[in-house]
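J.: Residue strings, one per chain:
Number of protein chains: 2
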Amino acid sequence: MFENHNNRTELSELGEFGLIRHIRENVELQNASTIVGIGDDAAVIDNGNLRTVVTTDMLVEGVHFDLSFSPLKHLGYKAVSVNISDLCAMNAKPQQITTAVAISNRFSLEAIEELYEGILLACKKYNVDLVGGDTCTSPSGLVISVTAIGTAKAEDLVYRNGAEINDLICVTGDLGGAYMGLQLLEREKKVFLENPKLQPDLEGFDYLLERQLKPEPRWDIIEKFKLYNIRPTAMIDISDGLASEIMHICTESGKGCQIYEEKIPIDHQTRELAMEFGLDPTICALNGGEDYELLFTIPLSEYEKIKDRAEFSIVGHITDKSGGYNFIDRQNGQHELKAQGWDAFKKNFDSE
Amino acid sequence: MFENHNNRTELSELGEFGLIRHIRENVELQNASTIVGIGDDAAVIDNGNLRTVVTTDMLVEGVHFDLSFSPLKHLGYKAVSVNISDLCAMNAKPQQITTAVAISNRFSLEAIEELYEGILLACKKYNVDLVGGDTCTSPSGLVISVTAIGTAKAEDLVYRNGAEINDLICVTGDLGGAYMGLQLLEREKKVFLENPKLQPDLEGFDYLLERQLKPEPRWDIIEKFKLYNIRPTAMIDISDGLASEIMHICTESGKGCQIYEEKIPIDHQTRELAMEFGLDPTICALNGGEDYELLFTIPLSEYEKIKDRAEFSIVGHITDKSGGYNFIDRQNGQHELKAQGWDAFKKNFDSE
Chain W
111 MFENHNNRTE
121 LSELGEFGLI
131 RHIRENVELQ
141 NASTIVGIGD
151 DAAVIDNGNL
161 RTVVTTDMLV
171 EGVHFDLSFS
181 PLKHLGYKAV
191 SVNISDLCAM
201 NAKPQQITTA
211 VAISNRFSLE
221 AIEELYEGIL
231 LACKKYNVDL
241 VGGDTCTSPS
251 GLVISVTAIG
261 TAKAEDLVYR
271 NGAEINDLIC
281 VTGDLGGAYM
291 GLQLLEREKK
301 VFLENPKLQP
311 DLEGFDYLLE
321 RQLKPEPRWD
331 IIEKFKLYNI
341 RPTAMIDISD
351 GLASEIMHIC
361 TESGKGCQIY
371 EEKIPIDHQT
381 RELAMEFGLD
391 PTICALNGGE
401 DYELLFTIPL
411 SEYEKIKDRA
421 EFSIVGHITD
431 KSGGYNFIDR
441 QNGQHELKAQ
451 GWDAFKKNFD
461 SE
Chain Z
111 MFENHNNRTE
121 LSELGEFGLI
131 RHIRENVELQ
141 NASTIVGIGD
151 DAAVIDNGNL
161 RTVVTTDMLV
171 EGVHFDLSFS
181 PLKHLGYKAV
191 SVNISDLCAM
201 NAKPQQITTA
211 VAISNRFSLE
221 AIEELYEGIL
231 LACKKYNVDL
241 VGGDTCTSPS
251 GLVISVTAIG
261 TAKAEDLVYR
271 NGAEINDLIC
281 VTGDLGGAYM
291 GLQLLEREKK
301 VFLENPKLQP
311 DLEGFDYLLE
321 RQLKPEPRWD
331 IIEKFKLYNI
341 RPTAMIDISD
351 GLASEIMHIC
361 TESGKGCQIY
371 EEKIPIDHQT
381 RELAMEFGLD
391 PTICALNGGE
401 DYELLFTIPL
411 SEYEKIKDRA
421 EFSIVGHITD
431 KSGGYNFIDR
441 QNGQHELKAQ
451 GWDAFKKNFD
461 SE
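Going line by line, the protein sequences match chains W and Z.
Per this note's numbering, the very first residue in the first sequence carries number 111; after that it's consecutive.
Per this note's numbering, the very first residue in the second sequence carries number 111; after that it's consecutive.
One should not assume that every hint holds.
A pair counts as met if it fits within one copy or between any two copies, since identical chains are not told apart.
Think about it this way: if two alpha-carbon atoms lie no more than 25 angstroms apart in a straight line, the pair counts; the simulated DMTMM-like pairs of lysine to aspartate or glutamate are [said to hold, decoys possible]:
id, residue 1, residue 2
1, LYS415, ASP377
2, LYS234, GLU326
3, LYS431, GLU274
4, LYS183, GLU120
5, LYS183, GLU126
6, LYS336, ASP266
7, LYS235, ASP390
8, LYS415, GLU227
9, LYS263, ASP156
10, LYS324, GLU138
11, LYS324, GLU414
12, LYS235, GLU138
13, LYS448, ASP311
14, LYS307, ASP156
15, LYS324, GLU274
16, LYS235, GLU135
17, LYS183, GLU138
18, LYS448, GLU333
19, LYS307, GLU227
20, LYS448, GLU120
21, LYS183, GLU412
No wet-lab data here; the hints were simulated from the structure.
Fair warning: this is a prediction, and the values are worked out from it, not measured in the lab.
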């Protein structure tokens with residue numbers, strides 16, 4: 111007891127992914143029913159009939175959300191959404207969730223009701239059942255941890271490691287919106303704190319606010335895959351930004367990639383607000399994160415199934431590993447793709 | 111945004127169980143695969159072959175543990191143990207866990223390694239696989255949320271609601287030890303803070319320290335139930351104290367109970383230290399909590415299977431609901447049993 115450490119390695123030196131890799135190296139799986147452990151969007155368990163798919167995501171006040179502009183109901187909704195999104199990224203059907211919530215005495219019952227209203231609204235929308243969890247006090251702030259459980263047939267599951275050379279790299283929806291929504295909210299909070307009489311000026315950017323405050327997992331896309339008979343070779347959800355996520359797919363698949371700037375889908379509101387903030391919209395889309403769109407690869411032979419559908423954008427293709435991770439700009443200049451996305455540790459530890 | 115509430119109900123008015131009841135009332139289950147939702151030790155999901163059993167427990171620094179006397183390795187071990195204990199209380203076999211950990215930059219990589227060493231040690235001991243989770247920063251303190259997944263045949267599962275009139279009420283091991291271990295650690299911390307040169311005096315109470323710092327879920331008992339052909343009618347694990355837990359079984363089963371003071375198993379170290387602290391050992395056993403022993407009921411007809419086994423104590427019996435919850439003291443005096451156990455909200459909100 112009252113121990114001390116002589117050697118100290120800062121977590122910021124590793125970052126979140128470094129830490130996960132480090133933990134993963136020490137894990138030995140023992141049970142035959144464990145098909146996939148740490149390292150994909152979710153774990154996969156054999157249950158005889160179907161596969162059970164499990165994922166956990168935690169939201170921490172002051173790190174993942176700011177209650178001065180995130181209504182509790184939206185926050186509850188988002189805590190469920192981000193977990194459902196991980197199940198979608200495995201091509202699995204969401205079924206149940208558990209919630210663990212730590213609350214300080216700053217919060218009243220009415221506040222917690224609002225939080226659970228959002229949680230249950232998302233449950234209803236995505237047809238999942240809240241089946242259990244834990245509630246406890248916290249010395250300060252609010253922490254929400256959600257575990258989501260889904261099912262899939264073994265042959266329907268899509269992992270991060272299945273991308274093949276020449277596969278097309280596709281994304282759903284558009285990117286960078288959630289990040290710009292956050293920039294807007296943070297600016298208006300600052301204005302409000304400096305002059306509480308001024309009303310926040312959020313007009314014309316509803317879409318971006320919704321992207322940030324109430325993200326929707328792309329369950330609709332999973333259903334469309336069935337409808338259009340599309341089976342991705344690899345898939346991940348975009349929580350940390352396109353650059354970071356495509357590099358996860360490439361690392362796990364042992365491949366390289368080419369991403370084309372002109373192909374990246376960006377909404378006009380995102381573009382407009384990025385300009386206003388003096389930011390490059392492409393950088394926002396590459397590194398912004400929290401869009402919860404799906405990033406997936408399909409064989410070139412499936413091109414016809416994708417090409418005319420508004421919900422998909424083909425942003426590049428998979429190459430040999432030795433080709434590295436490349437970004438081709440509008441002037442046809444080639445750059446090394448770097449993941450400067452939202453790395454939970456680096457970002458927060460650096461700013462402290 | 112920037113919302114305010116006019117009505118405010120303090121969480122301390124409801125307590126943890128009141129809040130859980132409140133949340134449970136608003137939950138509508140939608141999926142056919144959800145067999146049991148909120149309200150037992152764990153949720154139960156139909157997976158065709160077996161039932162999948164899921165439970166989540168969260169440990170928060172400053173509420174559930176004090177790092178000045180809880181080594182991180184023990185804490186990791188305990189975070190897993192308390193969840194395995196919930197699966198044992200359902201008579202289910204633990205299989206997988208996920209962990210969500212929020213860490214402030216006060217912690218180094220070496221500290222997190224120590225935490226995961228404890229987590230993985232418990233995994234090895236209880237033959238479960240760590241299959242995923244989340245790691246993120248926290249503005250202050252450490253939060254660990256573990257979700258444990260197990261399996262059981264439908265007919266083997268034991269719920270809280272199966273107790274019948276005249277059933278014997280049994281507990282495993284002994285009670286109150288974990289609570290006295292905590293009292294001892296808190297006293298020695300105080301001494302240390304007042305005079306850092308004094309070494310903590312913990313000698314002779316190893317058992318109590320272990321009960322507090324490194325609780326063991328009673329997986330051995332689940333195996334013995336099979337061996338002895340015992341099938342409890344109702345079961346719960348003792349995390350909040352015997353009084354609180356038997357009342358959960360009675361409430362869910364719609365029954366009453368009689369508990370006999372002289373039958374409650376208390377270790378001599380617990381008794382000795384309680385006396386030294388001027389505490390009533392019986393009260394420590396009834397309300398102390400964190401012992402993670404199993405409390406279960408069996409039909410009177412099964413008495414012979416239990417009576418001569420050192421690992422079980424028969425502490426009372428189930429009565430009609432109208433009989434209420436009764437505690438019979440050594441002088442044969444009858445008292446109403448009250449749950450003054452470790453209620454996360456009341457305790458902590460009161461002391462703030």
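J.: State for each hint whether it applies.
T.: Now the hints, each set against the structure:
1. LYS415 / ASP377: The answer is within: 23 angstroms in one copy meets 25 angstroms, while 70 angstroms across copies does not.
2. LYS234 / GLU326: Classified as within: same-chain Cα gap 13 angstroms, cross-chain 38 angstroms, threshold 25 angstroms.
3. LYS431 / GLU274: within (10 angstroms within a copy, 65 angstroms between copies)
4. LYS183 / GLU120: between (35 angstroms within a copy, 19 angstroms between copies)
5. LYS183 / GLU126: between (28 angstroms within a copy, 21 angstroms between copies)
6. LYS336 / ASP266: Answer is within; shortest intra-copy Cα gap is 10 angstroms, inter-copy 37 angstroms.
7. LYS235 / ASP390: neither (35 angstroms within a copy, 52 angstroms between copies)
8. LYS415 / GLU227: neither (39 angstroms within a copy, 48 angstroms between copies)
9. LYS263 / ASP156: This pair counts as both: shortest intra-copy Cα distance 10 angstroms, inter-copy 15 angstroms.
10. LYS324 / GLU138: between (37 angstroms within a copy, 22 angstroms between copies)
11. LYS324 / GLU414: Neither: 33 angstroms inside a copy, 59 angstroms across copies.
12. LYS235 / GLU138: Intra 37 angstroms, inter 12 angstroms, cutoff 25 angstroms: inter-copy only.
13. LYS448 / ASP311: Neither: 34 angstroms inside a copy, 55 angstroms across copies.
14. LYS307 / ASP156: neither (58 angstroms within a copy, 55 angstroms between copies)
15. LYS324 / GLU274: neither (34 angstroms within a copy, 47 angstroms between copies)
16. LYS235 / GLU135: between (37 angstroms within a copy, 19 angstroms between copies)
17. LYS183 / GLU138: between (39 angstroms within a copy, 18 angstroms between copies)
18. LYS448 / GLU333: Neither way: LYS448 and GLU333 sit 32 angstroms apart in one copy and 52 angstroms across, limit 25 angstroms.
19. LYS307 / GLU227: Neither, since 30 angstroms and 53 angstroms both go past 25 angstroms.
20. LYS448 / GLU120: Within one copy only: 22 angstroms inside a chain, 48 angstroms across chains, cut-off 25 angstroms.
21. LYS183 / GLU412: Neither way: LYS183 and GLU412 sit 40 angstroms apart in one copy and 50 angstroms across, limit 25 angstroms.
Comparing the model with each earlier hint shows violations of hints 7, 8, 11, 13, 14, 15, 18, 19, 21; every other hint is respected.
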